[in-house]
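> Got chain A sorted already, so can you dock chain B onto it with the hints?
There are 2 protein chains.
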Amino acid sequence: MSRRAKRTGSSGKAMSITAETAARPAFEGVERLETPLVVVDAARLKANIARMQAIATDGGVALHPHIKTHKSLAIAGLQRDAGASGVTASHPGEAAVFIRAGFSPVTLAYPLVRPEPVARLLTLAGEHGVRVRFIADSMTGLEALEAGAAKAGQTADVFIKVDVGLHRCGVDPLAETGIALAQRLEASLLTFCGLLSHAGQAYGAGNVDGIRAVAATERRILLDVRERLLRHGIEVPLTSVGSTPSLIANDGFDGIDEIRPGNYVFFDMTAVRLGIVGRESLSLAVSATIISRNRDFYIVDAGSKTLSSDLGAHSTGSGAGFGEAWSAELDRPLSVEKLSEEHGMVARKGSDLEIGQRLLIYPNHACVVVNLAPRLTLLDGGRASPLAIDATRRADASANAP
Amino acid sequence: MSRRAKRTGSSGKAMSITAETAARPAFEGVERLETPLVVVDAARLKANIARMQAIATDGGVALHPHIKTHKSLAIAGLQRDAGASGVTASHPGEAAVFIRAGFSPVTLAYPLVRPEPVARLLTLAGEHGVRVRFIADSMTGLEALEAGAAKAGQTADVFIKVDVGLHRCGVDPLAETGIALAQRLEASLLTFCGLLSHAGQAYGAGNVDGIRAVAATERRILLDVRERLLRHGIEVPLTSVGSTPSLIANDGFDGIDEIRPGNYVFFDMTAVRLGIVGRESLSLAVSATIISRNRDFYIVDAGSKTLSSDLGAHSTGSGAGFGEAWSAELDRPLSVEKLSEEHGMVARKGSDLEIGQRLLIYPNHACVVVNLAPRLTLLDGGRASPLAIDATRRADASANAP
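Protein chains in written order, with the UniProt record's numbering: chain A, 1 to 402; chain B, 1 to 402.
Just chain A, same shape as in the assembly:
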């Protein structure tokens, strides 16, 4: 099978060869490898890294990429080489792995509410000459940071997290909590870094116009809170915003200092459905083998323990299946319609592939696919090489890290 294999697909409007070729996952070299396997196309990965760095550089903001997407020291190294200013993590164990590897600063964009993990991360960061930045959105969290810093005999850098519409973590921008927290921070031994937000609701915005509106709201809310703090005599050193969709579909970064996107290194079908990229930007796919077939379905060896059951980020499911499956033999993708734990059911839609043939599947949500995988395989011009997933929960547990 090659990219030039004859097209046996019979139904559906044929795509132009150029668009179709660009939309396909990179097949080259993957046929020889066992499945299921999570493959990353090196050229697309590097293009994605360069693209977001250009957005940051052109916009005059620092890029602190979120490593929860790849959990890989090698990919974070590529991001750093391209110009990233630090990394962002969403779990203390992830942060610990990147601190040990010397990435600095590490922003833990996740509120800790007990002193112990704070103290452990600060001690570890001190040992490795790394700066770690925390977030807080409650007095309980701030007290945990104070107690943790005291226990570690250090100060700690702290952002106040602001809810800009996801209604997950973050202080209500209209309430007085943010001001109270900032005043407490100013009076403490902790260092106030500024305001941080994550407009994750961009994943539910439906289209690029909707995402632009979310990004504009995020920026406006942060600048409003900054203004209010200034009126209380509190300077805001930094403003930090996140979410891949709201940064791809941005309308400028006036007043913003740094950005923290994660998903952009790989993108996935959620990004395609949102309209922020085409399939030719998807750098991650799952290689699977057809192990059985019946009238309606090909059964492949990638189920929910490989693809995950995610329909999209932040429970923003599209109802469009669990991934898009491509074959070198077909001129259109097929849909992964059901998942068991180790089996995926791909709708045949009139096609006729054999047991043993390969499919490459673009998943809905790349971040959770990486979290499930034992390792990644980098495909670079036909050569395959292993790409370690370093910051796993299991690595964390075995190292007895925070």
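A portion of the hints provided could be inaccurate.
Which copy? The list can't say, so a pair holds if one copy fits it or any two copies do.
[Claimed, not checked] Straight-line alpha carbon distances no greater than 25 Å define the calculated DMTMM-like cross-link-like pairs of lysine to aspartate or glutamate that follow:
id, residue 1, residue 2
1, Lys151, Glu31
2, Lys151, Glu34
3, Lys151, Glu116
4, Lys46, Glu280
5, Lys349, Glu176
6, Lys349, Glu280
7, Lys151, Glu354
8, Lys349, Asp172
9, Lys46, Glu28
10, Lys46, Asp58
11, Lys349, Asp296
12, Lys151, Glu186
13, Lys46, Glu20
14, Lys349, Glu127
15, Lys349, Glu337
16, Lys151, Glu127
Treat the hints as calculated values from the structure; they're not laboratory data. Fair warning: this is a prediction, and the values are worked out from it, not measured in the lab.
Structure of chain B alone, referenced to chain A:
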């Protein structure tokens, strides 16, 4: 906080204290441990193991429990001690871990279609004095088994997988494929073990009556295929059926030789919604901490990377959220309504818990929660001890196993 803490819940009909106490996850000892954590109640686990063993023993069938649920050598040891006759796995890497530990036979209830993993498993099994049993539902699969066995210089035990209604893997019971495969098996160096099925559609049957109908159909189909093979002069040594729901809600095992349930060691909210058990049988829960809160939600430190996005087995989602959260402070459970990767959003429904408080969450699907966890923690009369998850993909990858 203890089980006897005052009930501050204000709305909803109060459950009787007995039912409510039985339905709660075991809190004892968990408060001291870090979160998120997957905890297993030892007493409930052992009761579940004893219950399924009694179903098998009373029904005169052998129990070959599916270890994809727990991936734990220690729990499989409890199942063996209780009377299990072997184990079932759904991934070659899982099978390899249990072969190395000496469990026999290991049934790989998953069709392999390439010779290499077959040869590797047979060689490994030979080294460890273990019997391994395969399944096939296609000539491609049978050829892979023959080639793999030849490569390993061994014979191989093979079941023919029959589709009894899940329409995933398995030969169509009305087609001639099963007869052709059995004839080929008889003529080969492979050993024909019999017929094997998995009525996974029981998870979508809605209630106990529906499940009974699924189980009856499964049994009838297998016995019909056996009858047809006999008319072709082919003896069927064994019939093997699976799925926890169809075994809990069974109407007898006439003509069946062995059963392969998995989920029953833990059960989960899917089993509760199906009506096959009450919450007092749920032996697995996720311990989480409230890290933030807003008007509508408690935000906890267990997201899709801990609870999974599964709504139920085999894409049989209920739409009832991602888990049921219990607090020692409330007299009713709350619903996990949305998931980010590291955050769960639990609907407050008028309750007033503080940041830092713990919730115990019964997940929708225990098997995928274990697959995500770095380890399990066994709670036994207030004592906590680690419970290794041995057969992970990562363990498999690092051991370079099949």
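> Hint by hint, say whether it matches the structure.
Hint-by-hint comparison with the structure:
no.: 1; hint: Lys151 / Glu31; verdict: between (54 Å within a copy, 22 Å between copies)
no.: 2; hint: Lys151 / Glu34; verdict: between (49 Å within a copy, 18 Å between copies)
no.: 3; hint: Lys151 / Glu116; verdict: within (8 Å within a copy, 54 Å between copies)
no.: 4; hint: Lys46 / Glu280; verdict: within (13 Å within a copy, 52 Å between copies)
no.: 5; hint: Lys349 / Glu176; verdict: between (56 Å within a copy, 24 Å between copies)
no.: 6; hint: Lys349 / Glu280; verdict: within (24 Å within a copy, 44 Å between copies)
no.: 7; hint: Lys151 / Glu354; verdict: between (62 Å within a copy, 24 Å between copies)
no.: 8; hint: Lys349 / Asp172; verdict: between (48 Å within a copy, 19 Å between copies)
no.: 9; hint: Lys46 / Glu28; verdict: within (17 Å within a copy, 50 Å between copies)
no.: 10; hint: Lys46 / Asp58; verdict: within (18 Å within a copy, 61 Å between copies)
no.: 11; hint: Lys349 / Asp296; verdict: within (7 Å within a copy, 43 Å between copies)
no.: 12; hint: Lys151 / Glu186; verdict: within (19 Å within a copy, 71 Å between copies)
no.: 13; hint: Lys46 / Glu20; verdict: within (21 Å within a copy, 55 Å between copies)
no.: 14; hint: Lys349 / Glu127; verdict: neither (58 Å within a copy, 45 Å between copies)
no.: 15; hint: Lys349 / Glu337; verdict: within (11 Å within a copy, 34 Å between copies)
no.: 16; hint: Lys151 / Glu127; verdict: within (15 Å within a copy, 53 Å between copies)
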